[in-house]
Amino acid sequence: MHEKMREKKVENYDVVVIGGGAAGMTAAIYAGRARLKTIMIEKSLPGGLATYTNEIENYPGFPEGNTGLGLMQLFERQAKKFNVKVKLAEVQGVELEGETKVVKTFRTDYHAKAVIIATGGKPRLTGAKGEEKFLYDKGISFCATCDAAYYTGKEVMVIGSGDAAIEEAIFLTKFASKVYISVIHDVGIMDANKVAQEQARQNEKLHFIWNTVVEEFAGSERLDTVILKNVKTGERIPVKVDGCFLFIGYLPNTDLFRGIINMNERGYIITNEQMETNIPGVFAAGDVRDKVLRQVATAVGDGAIAGFMAERYIAESEYFAREFREVKGPQLVFCYDPTDARCREMMTVVEAILQKHPEIKLSKIDVYKGKSMALRLGLTGDPCLVLIHGGRVTEVLALPGLTPELIEARIKQLAA
Amino acid sequence: MAEYTLDALGEACPVPLIRTEKKMQELKAGDILIVQVDHSCAMKNVPEWARKQGYNVELEEVEEGRWDIIIEKTK
Chain A
1 MHEKMREKKV ENYDVVVIGG GAAGMTAAIY AGRARLKTIM IEKSLPGGLA
51 TYTNEIENYP GFPEGNTGLG LMQLFERQAK KFNVKVKLAE VQGVELEGET
101 KVVKTFRTDY HAKAVIIATG GKPRLTGAKG EEKFLYDKGI SFCATCDAAY
151 YTGKEVMVIG SGDAAIEEAI FLTKFASKVY ISVIHDVGIM DANKVAQEQA
201 RQNEKLHFIW NTVVEEFAGS ERLDTVILKN VKTGERIPVK VDGCFLFIGY
251 LPNTDLFRGI INMNERGYII TNEQMETNIP GVFAAGDVRD KVLRQVATAV
301 GDGAIAGFMA ERYIAESEYF AREFREVKGP QLVFCYDPTD ARCREMMTVV
351 EAILQKHPEI KLSKIDVYKG KSMALRLGLT GDPCLVLIHG GRVTEVLALP
401 GLTPELIEAR IKQLAA
Chain B
417 MAEYTLDALG EACPVPLIRT EKKMQELKAG DILIVQVDHS CAMKNVPEWA
467 RKQGYNVELE EVEEGRWDII IEKTK
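Residue numbers (the numbering used here), protein chains in the order written: chain A, 1 to 416; chain B, 417 to 491.
Not one of these hints is a red herring.
Partial selection, computed: residues in chain B whose CB lies under 7 angstroms from chain A:
id, residue
1, N472
2, E474
3, L475
4, E488
Here are the simulated distance ranges between beta carbons:
id, chain 1, residue 1, chain 2, residue 2, range
5, A, R124, B, V431, 29 to 39 angstroms
6, A, E57, B, I450, 37 to 47 angstroms
7, A, E57, B, E442, 47 to 57 angstroms
8, A, Y136, B, E477, 20 to 30 angstroms
9, B, I450, A, E326, 37 to 47 angstroms
10, B, C429, A, R124, 24 to 34 angstroms
It should be emphasised that the hints constitute simulated quantities derived from the structure, not laboratory data. Built from N, CA and C at the ideal position, the CB exists for glycine as well.
Bound-form chain A, shown alone:
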């Protein structure tokens, strides 16, 4: 046994992936395969929410199905094959705004050029007595698609009355002999869409228990009774069931990013189709995003895009530094749109003038292909001619008023 003083380490990476579920691992696989130095930080064990599912039957490529854990172990093996470092620790803080992004665990600060947020989410719990004891494989489930077949011919209960609750309850009636639905509202009131409500009313296997919340989950090894409480009368209503499904909401793990990353009112991160958040170099993928379907199959798609975009962002940053920031002398940047006739015409003019001034570096940005490089220079992305000195923009000339004489005059100033 030895003793030494503790100090916080700093480690440098190209990409830090926060979260080790399906989205995070896929992002890491893509980043790793692009030969980026990549680390994935997971707070408990790799695999994420998918590992709580017994059977995954709808992930393509596995016609025999697979267990959630089994499938995720394959993901992890693949990530490690591409030299992704896996760190099992909780992220305690982030600094994402700067060019170098910092992701902090209690012992180490990870410095990265790009960060991928794949922190996922978790189903909301009722907080009732006994709940912890029966979670997931002990009788309390969160996914009818996953676990319905197990309850063939049995009696189950659904908690909630939103779209997920009612639609999943209807789905469950194809398997279970009886499906109770505990709803907090008054008789006949549900939060679900009208179509689902109508279908539910006509389904004879559904039995609503109105004005109730869960008071307690009871049983020995497995759940066998849900004790409801009438919110109006206080009456306790024990109901014998073989399983219980909670559909009372889903909580994204985004507390760390509040006030930094744009989110919707429920805390999901808003991205575009390129998985870009409001901060350049920070991407989000998987269940943590504001999106329509949360499955392993969609998480994988998000992760692939995020990994790819991180690579592109880093390559662009390096190009930007080389082409602009590290240039010492005078420089002319032509932001052009090759589909525009006036741009093509001015290009010839600019090139001809600059041949007489070899001391001035000419750079071209094709803004038709993408605006991101122009945005990095603080421009709008419209066609224009930009004068730069020592890496700083000194003047922006809009295209409409541009004449060969004006260019000539400005270049003489710039060269002087």
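Got chain A; can you put chain B on it based on the hints?
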């Protein structure tokens, strides 16, 4: 803010957990214990226990099938 190492290599569950629990009692707030384990069950139940206590936990796979569990006594 001292750092200690607990060698639990070759020990099966629940021995590493019991030894960790005992050792943590001796630590002061801010101290760190590194538990070395090579049983996959210990790499699950030791961090799980430590997180439940509210300690900071980090797990590092030092090599295939061998882990360092780093626990900071936070209070």
